[in-house]
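The lines below spell out each chain.
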Amino acid sequence: GAVVSQHPSRVICKSGTSVKIECRSLDFQATTMFWYRQFPKQSLMLMATSNEGSKATYEQGVEKDKFLINHASLTLSTLTVTSAHPEDSSFYICSAGGGPYEQYFGPGTRLTVT
Amino acid sequence: AQTVTQSQPEMSVQEAETVTLSCTYDTSESDYYLFWYKQPPSRQMILVIRQEAYKQQNATENRFSVNFQKAAKSFSLKISDSQLGDAAMYFCAYYGGSQGNLIFGKGTKLSVKP
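So the protein sequences, as listed, match chains Y and R. Counted from 1, the first sequence has number 88 at position 88 by our numbering; the numbering is strictly sequential. Counted from 1, the second sequence has number 1075 at position 75 by our numbering; the numbering is strictly sequential.
Keep in mind the hints are simulated off the structure, nothing from the lab. Just so it is clear, the structure is predicted and the values come from calculations on it, not from any experiment. No false leads were slipped in.
Pairwise CB distance ranges, derived in the manner of DEER restraints:
# : chain 1 : residue 1 : chain 2 : residue 2 : range
1 : R       : E1029     : Y       : T31       : 19 to 27 Å
2 : R       : A1071     : Y       : E63       : 39 to 47 Å
3 : R       : S1080     : Y       : D65       : 46 to 54 Å
For each residue, glycine too, the CB sits at the ideal point set by N, CA and C.
The following block holds chain Y by itself, in its conformation from the complex (with noise of 0.2 Å):
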């Protein structure tokens, strides 16, 4: 089956600086990628639709400018956490496709911020 990649797999950043998450699609081609945020014991919470050549469309109450999103090739969508807070600390997964059998999730991404 399809395979998507993230990197990092875990990354501990400072308060203030910024954190770039990468999403790769490894043996196809993506013209959508979704980032979704998982805080502990809950559930996928949908932050943004990543278009490739296009800006991305965000979620009511995710801030556009806070995680910006880059979705410049068919095989790679990225995110950018700015000036990250303790707050922004959750698993965050990529999943690239946009059709019903075409759902591929990455193994995700675990930021803490301190």
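With chain Y's structure known, arrange chain R on it following the hints.
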């Protein structure tokens, strides 16, 4: 807006026994898809089973089967001959096509007792 409700935060089953996880959803769309995902401690999302709303026949994947009641908007997952490896969080999810992303329920934590 579409919603997915899982009313069982936690469930427990004895090894080799059968357990049923509940899910209800709300939508005004006629064409949609429903999923059950498993999230083990590794946090990797694993597709368990998919159901197309236009199909009357319930989906089955080995020990996993669903009871899809379209009129009642109910989509339960039955796990037969439960194994220790089935222990995980299980998320019910909805795909409506208009956005392309999945909408998740809050999840059910399944424990399997040896």
